[in-house]
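**Student:** This is what each chain is made of:
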Amino acid sequence: MSEFLNMGGYAAYVWPAYGLTFVVIVWNIIWARRLLARSREEARRRLAMRGEEA
Amino acid sequence: MAWTWFHRLGSPPYIYGLAARLTPWFAWTAALCILAGTYGGLVMAPADYQQGDDFRIIYVHAPTAWMSLMVYTTMAISAAVGLIWRIKVSHAVAAACAPIGASFTLVALVTGSLWGYRMWGTYWEWDPRLTSELILFFLYLGYMGLRSSIDDTQRADRASAVLAVVGVVNVPIIHFSVMWWNSLHQAPSVMQLAAPTMPASMLIPLLLMLLGFTLMFAALLLVRMRAEILSRERGAASWIREAVAS
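Quick mapping for you: the protein sequence lines, in order, are chains A and B. Quick note on numbering that gives the first Met the number 0: the first sequence kicks off at 0 and runs consecutively. Quick note on numbering that gives the first Met the number 0: the second sequence kicks off at 0 and runs consecutively.
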């Protein structure tokens, strides 16, 4: 296991590369979902305002 | 008759519903491919005979670099379709591409830098491949900056679309830079006309990663596109009531 983590002496380069990639993937997923939730909330609010005007 | 599918793709209610149904398929297939590819790349693939275990960075570097180009090309094509045929959905797709592309271009630059440090002895060099990829990152940032600086959505769409289309000349420059100029960067080992120059145990995880990242882009794009479409619809069409009801 420690041999695997050591990555043949390249641990300081391999693990940050993988770490950053997966952080950015997760960040993209959260970001996209939050954007959609916000757009839905805004659309809902707009529809509610129109309902009150009518 | 044959063109009805094309017209339906330009209709917000249709594309919104289709995107919602397709997203989980793309997302879960992408997750499977990326997990399998990561395991294959870190565990199954043998160490490179020259680069040792450092070469394993290829499994995150090549897919993100591929994404940086694929996302830009998608963005430029959508922007061009939006400009030529004035299709709102196309502009929404282009706008949704930019933040995804920018973030993965940054990952490609950083992972490449981490890989290059031990292989070339430097984190950065003003090399044709590296410089043109950095310009791609700035093109994404410029596109997003231009969009956010214009309040009127239609004007923002048109202005940013012109930038996206003009900037696409950079894509072939990046791809062919390692052949046209004397570059530090190695030549392609998969994206070439001849057979890939890798054994299957190294190649299969890489192909899984390339497929996984492409599908992930599709899933992210579908979610962002729905957000864009919703925020652009100012009316009170019944499909929006349905879309936000649940």
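It is worth saying that the hints were derived from the structure and are not from the lab. If you're wondering where the values come from, they're calculated on a predicted model, not measured in any experiment. Don't take each hint at face value.
[Stated by the list, open to error] Here are some, though not all, of the chain B residues that point toward chain A, as calculated from beta-carbon distances under 10 Å:
| no. | residue |
| --- | --- |
| 1 | A26 |
| 2 | V106 |
| 3 | G111 |
| 4 | R117 |
| 5 | G120 |
| 6 | D126 |
| 7 | L129 |
| 8 | V177 |
| 9 | M178 |
[Claimed, not checked] The calculated label-pair distances, taken between Cβ atoms and stated as ranges, are:
| no. | chain 1 | residue 1 | chain 2 | residue 2 | range |
| --- | --- | --- | --- | --- | --- |
| 10 | A | E40 | B | A186 | 42 to 52 Å |
| 11 | B | Y116 | A | F3 | 16 to 26 Å |
| 12 | B | A46 | A | V25 | 21 to 31 Å |
| 13 | A | E41 | B | I149 | 49 to 59 Å |
| 14 | B | W123 | A | E51 | 26 to 36 Å |
| 15 | B | M178 | A | F21 | 49 to 59 Å |
Glycine included, C-beta positions come from ideal geometry on N, C-alpha and C.
**Student:** Hint by hint, say whether it matches the structure.
**Tutor:** These are the hints, each one checked on the structure:
1. A26: holds (8 Å)
2. V106: Holds, because the Cβ-Cβ distance from B:V106 to chain A comes to roughly 5 Å (cut-off 10 Å).
3. G111: holds (9 Å)
4. R117: With Cβ-Cβ at 6 Å, under 10 Å, it holds.
5. G120: violated (13 Å)
6. D126: violated (18 Å)
7. L129: It is violated, given that the least Cβ distance between B:L129 and chain A is near 16 Å, above 10 Å.
8. V177: Not OK, violated: B:V177 not within 10 Å of chain A, min 20 Å.
9. M178: violated (25 Å)
10. A:E40 with B:A186: 42 to 52 Å: holds (49 Å)
11. B:Y116 with A:F3: 16 to 26 Å: Taking Cβ atoms as reference, B:Y116 and A:F3 lie about 21 Å apart, which means the hint holds.
12. B:A46 with A:V25: 21 to 31 Å: Holds, at about 28 Å.
13. A:E41 with B:I149: 49 to 59 Å: violated (19 Å)
14. B:W123 with A:E51: 26 to 36 Å: violated (57 Å)
15. B:M178 with A:F21: 49 to 59 Å: Once the Cβ atoms are compared, 32 Å apart, the range 49 to 59 Å for A:F21 and B:M178 is violated.
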